[in-house]
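Turn these sequences into a full structure, and let the hints guide you.
2 protein chains.
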Amino acid sequence: MSTAAFDQLHRHQRETHVLASINSCLYWDQNTAMPLDGAAWRGEQLAWVAQQIHSRQTGARYGELLAAAEAGLGQLPPDDQADWQQNLALLRQQYERQCRLDPALVNALAGARARGYSLWQDARRNRDFSTFAPALEELIRLRLEQVRQLAEPRSPWETLAQPFEPDVGHQRLEELFAPLRQRLPALVERVRGRPRRAMPQWTTGQAVQRSLCEQLLACWGFDERRCVLASSPHPFSTNLGPRDFRITSRTLVQQPLSAFMATAHEWGHSLYDQGLPGQESPCFGWPLAAPTSMGVHESQSLFWENRVARGRAFSQVWSPRFAEAVGAAPWGDADGLWMAMNPLDPGLIRVEAGELSYCLHILLRYELETDLLEHNMPVAELPEHWCAHMARYLDITPDHVSEGCLQDVHWSEGLFGYFPSYALGHLISAQLTEAMEAEIGPVETHVAAGGESRLLSWLRRRVHPLGRRVNGEQLVQQVTGGSLSAAPFLRYLEAKLDRLLAVAPR
Amino acid sequence: MSTAAFDQLHRHQRETHVLASINSCLYWDQNTAMPLDGAAWRGEQLAWVAQQIHSRQTGARYGELLAAAEAGLGQLPPDDQADWQQNLALLRQQYERQCRLDPALVNALAGARARGYSLWQDARRNRDFSTFAPALEELIRLRLEQVRQLAEPRSPWETLAQPFEPDVGHQRLEELFAPLRQRLPALVERVRGRPRRAMPQWTTGQAVQRSLCEQLLACWGFDERRCVLASSPHPFSTNLGPRDFRITSRTLVQQPLSAFMATAHEWGHSLYDQGLPGQESPCFGWPLAAPTSMGVHESQSLFWENRVARGRAFSQVWSPRFAEAVGAAPWGDADGLWMAMNPLDPGLIRVEAGELSYCLHILLRYELETDLLEHNMPVAELPEHWCAHMARYLDITPDHVSEGCLQDVHWSEGLFGYFPSYALGHLISAQLTEAMEAEIGPVETHVAAGGESRLLSWLRRRVHPLGRRVNGEQLVQQVTGGSLSAAPFLRYLEAKLDRLLAVAPR
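If you're matching them up, the sequences are chains H and Z in order.
So for the first sequence, the UniProt record's numbering puts the first residue at 1; every next one is plus one.
So for the second sequence, the UniProt record's numbering puts the first residue at 1; every next one is plus one.
Hints listed in this document are in silico derivations from the structure and should not be mistaken for laboratory results.
In this text, a Cβ means the ideal position worked out from N, Cα and C, and glycines have one as well.
Take these hints with a grain of salt, some might be off.
Facing chain Z, according to a computed beta carbon distance under 10 Å, are these residues of chain H, among others [unchecked claim]:
1. I22
2. T32
3. D37
4. A39
5. E44
6. V49
7. A50
8. L66
9. W220
10. R226
11. C227
12. C387
Sample of chain H residues with no beta-carbon within 10 Å of chain Z, all distances over it, derived [what the hints assert, rightly or not]:
13. A4
14. L19
15. S21
16. P35
17. A112
18. E145
19. R192
20. A230
21. G327
22. L490
Computed beta-carbon distance windows for the label pairs [to be verified]:
23. H:A290 / Z:R92: 41 to 51 Å
24. H:Q86 / Z:I53: 30 to 40 Å
25. Z:S457 / H:S118: 34 to 44 Å
26. H:D80 / Z:I53: 30 to 40 Å
27. Z:T397 / H:A39: 52 to 62 Å
28. Z:E444 / H:S118: 14 to 24 Å
29. Z:W202 / H:H54: 54 to 64 Å
30. Z:G43 / H:A39: 22 to 32 Å
Pasting the structure below:
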């Protein structure tokens, strides 16, 4: 960038980036180290930073910087103009969205979120939906008011989904999800009726699980000069700076594969972040260097978790390593470990669901939140509709609301429009993997040869650098040459199911 | 506080406090978790926060808030006026000091500090003073310019010492330190000539050391809801919020008592911070709730490290605990552990020095930095004068500058005037302990009975709440009824030496 206006905006963006990364540090510490009683003060710190970021992103000075840069666009070298035009357009879009919102609404939402989260925790603990229902009603009311203020040419649910999955709408989701709705229940049913090996039960202590996670990361390119693995109540991935990547896992002694799979998943998120345009890119700190969408982000974590770690070749390689670390092999042979890594039976809890039923959990949530926001479904009826959907999709029924509509945190924080990204991640992952395999051969072949770095190279070349240049659908189109569809995912799932069910019962 | 001006300043102070605690979080993470490559970005984050704090503390708006509050002082309830007058006077003093400094000098100093630290690291690694000397000359030049701008009625060294030890001057230090200078070398000599038991050599792994540190903290009132122990390359203590206290230690396998003693020391610092006026005090976030001085802070860490953990009773209680944790007792009986905890022979390195020679290390530094700042001692002569002082006070000579004048970090960051606080800490600790023992009986009696909480109660009642209401000397006067002096420290040291030397050689 050569003009003064651009330089000023560039400095502004970089400072906002510094500030956002301070927020990440506070969040990281809160979830990995902070003692319990630190929470209230941490809240004040986070609120202060949030207020600074908000005022930077909505203030008159920022509007002026943005307008000046837009006016100076023509003075940039012609080759750079398309990128900077897109950067500025994305900033403009975000700026206008923020500016359209009444600060009183923003405050009211922050308060309602905090109350909603707290009441949800109580309600879930007590298995009592009625204590949470009024908070959810208030959150829906405020979010609909937000939709009214944003005044976009989209439906309310679509408007709220934009920050997670740009340009996504009901119609497209319907095209993508209809095949899932149609065929996944039959696959779930198919599993239910087939004999399989008995699943081994085993437990493993924290040190062993931690060691296996570290072995996994070492194989998958973890560099301790720029990466950290820690423990937290809920696994997550974050960046504290352009060369400072952090992930967490949690150890459940009764579920010896849980920390391992969570590590694979979060490391996938981190690898995507690490592959985005970095400090060496002129776009660093600008929208084009940001992640494409939540669905694409999820596709990257799911690739490493499901396509690599839950593959049969992986179990072949890792069964001896697990046996060495655990000191025994209660799972039996490598296929026993493979089966343990691929639980098939549908359960009530989304975060424990396998690849087969996961998207059904999402469909149910997507449909219910659309009903709440767009079809006047009374909040009081949510538990009943939840059970009905559950019965239809998965043929199981929660015993109580805490296993049902209170299991997820999202709605308690007024987060609507997010769930589909989880399902899109599965679809995108499958479609990208088909393209990858067409170019460099089967994932499993590379895994069997310890060549995961070749998989990463492909992602680093074809997927990661695109950033926000494209939305999720455009990314798939650009990388695979075809439109996003559920077909690759269903193909993959059916083939994997055949192979899993073929593992002879013992 | 009832007036609007006070309320506004109060909010300003609280926000500055929030911001300062964000800085602490960044520092904590940097030293406990951050990967190496995160350093550059962390530098940007820290610089941003520092700039925000600086502009809050020197801006015109702050000056107006301060002046308005000063003008409104008379409207406060009469009972509150003395406290708020002192709070405002301390803020005013700090504000005027900041305002007198040319921002160009502040920037130049920040740059010179960073360069000095970096060159010092190189010089120390290469045992080559000449690479660091020009940076030290520049730091001295800039600090003398700072003294000129501050224009206080004090000598240059005294001016620079104010932030650490308010109101301290050469004359008073001379009165306090002369007895040390006179009598400590003789005590060191006395040790050298006496037969003692052979010191046991042993090593202990990280987990065992960590477990012993945790046992120690549990005995000394550690509350995991508000406190954290972590590892870092250099032990330190910090607060990330009013109910969020952190300390670190480091494990040296070859020095099995090092982590333990560092934990005792840092926990003493933390206990002092925890006992300062907290959120329930109207002065929270104001100067009166801040620590008295660095010397007083050090007196608290030294109390727990030296008076409690290095006491004979402590070894009696802890020798079985150590044996249980280590799985053996290479130190022999409890007195063997006591001797291991009290190395007497003088060494070259300050941070490894025992109680006997520690203050001599400080005298040497205090004298040399005074010579550098006030008596035109050429920087090039520092190594030679260092050796001469070392020979005079401790009768030993460094083999190279990295064991000599390059061993401490302070001067490389332009930090002059800090060292005496370390020695004052020993004096204050001894004098406070005499007062404590006169009131509640011998420290050792409480330790023998597992009654450390009674020691803490006394400190919580008599010492901690005073905060910046008093300077270090006033605190001693107020608590003990006598002027600060070296006599209690020398009395204590001589008595302890008698007891240590009386432990029969085996």
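The hints, checked one at a time:
no.: 1; hint: I22; in the structure: 5 Å, holds
no.: 2; hint: T32; in the structure: 7 Å, holds
no.: 3; hint: D37; in the structure: 4 Å, holds
no.: 4; hint: A39; in the structure: 9 Å, holds
no.: 5; hint: E44; in the structure: 5 Å, holds
no.: 6; hint: V49; in the structure: 7 Å, holds
no.: 7; hint: A50; in the structure: 12 Å, violated
no.: 8; hint: L66; in the structure: 21 Å, violated
no.: 9; hint: W220; in the structure: 16 Å, violated
no.: 10; hint: R226; in the structure: 4 Å, holds
no.: 11; hint: C227; in the structure: 6 Å, holds
no.: 12; hint: C387; in the structure: 39 Å, violated
no.: 13; hint: A4; in the structure: 22 Å, holds
no.: 14; hint: L19; in the structure: 7 Å, violated
no.: 15; hint: S21; in the structure: 6 Å, violated
no.: 16; hint: P35; in the structure: 5 Å, violated
no.: 17; hint: A112; in the structure: 23 Å, holds
no.: 18; hint: E145; in the structure: 30 Å, holds
no.: 19; hint: R192; in the structure: 45 Å, holds
no.: 20; hint: A230; in the structure: 7 Å, violated
no.: 21; hint: G327; in the structure: 19 Å, holds
no.: 22; hint: L490; in the structure: 40 Å, holds
no.: 23; hint: H:A290 / Z:R92: 41 to 51 Å; in the structure: 46 Å, holds
no.: 24; hint: H:Q86 / Z:I53: 30 to 40 Å; in the structure: 37 Å, holds
no.: 25; hint: Z:S457 / H:S118: 34 to 44 Å; in the structure: 36 Å, holds
no.: 26; hint: H:D80 / Z:I53: 30 to 40 Å; in the structure: 37 Å, holds
no.: 27; hint: Z:T397 / H:A39: 52 to 62 Å; in the structure: 54 Å, holds
no.: 28; hint: Z:E444 / H:S118: 14 to 24 Å; in the structure: 49 Å, violated
no.: 29; hint: Z:W202 / H:H54: 54 to 64 Å; in the structure: 57 Å, holds
no.: 30; hint: Z:G43 / H:A39: 22 to 32 Å; in the structure: 28 Å, holds
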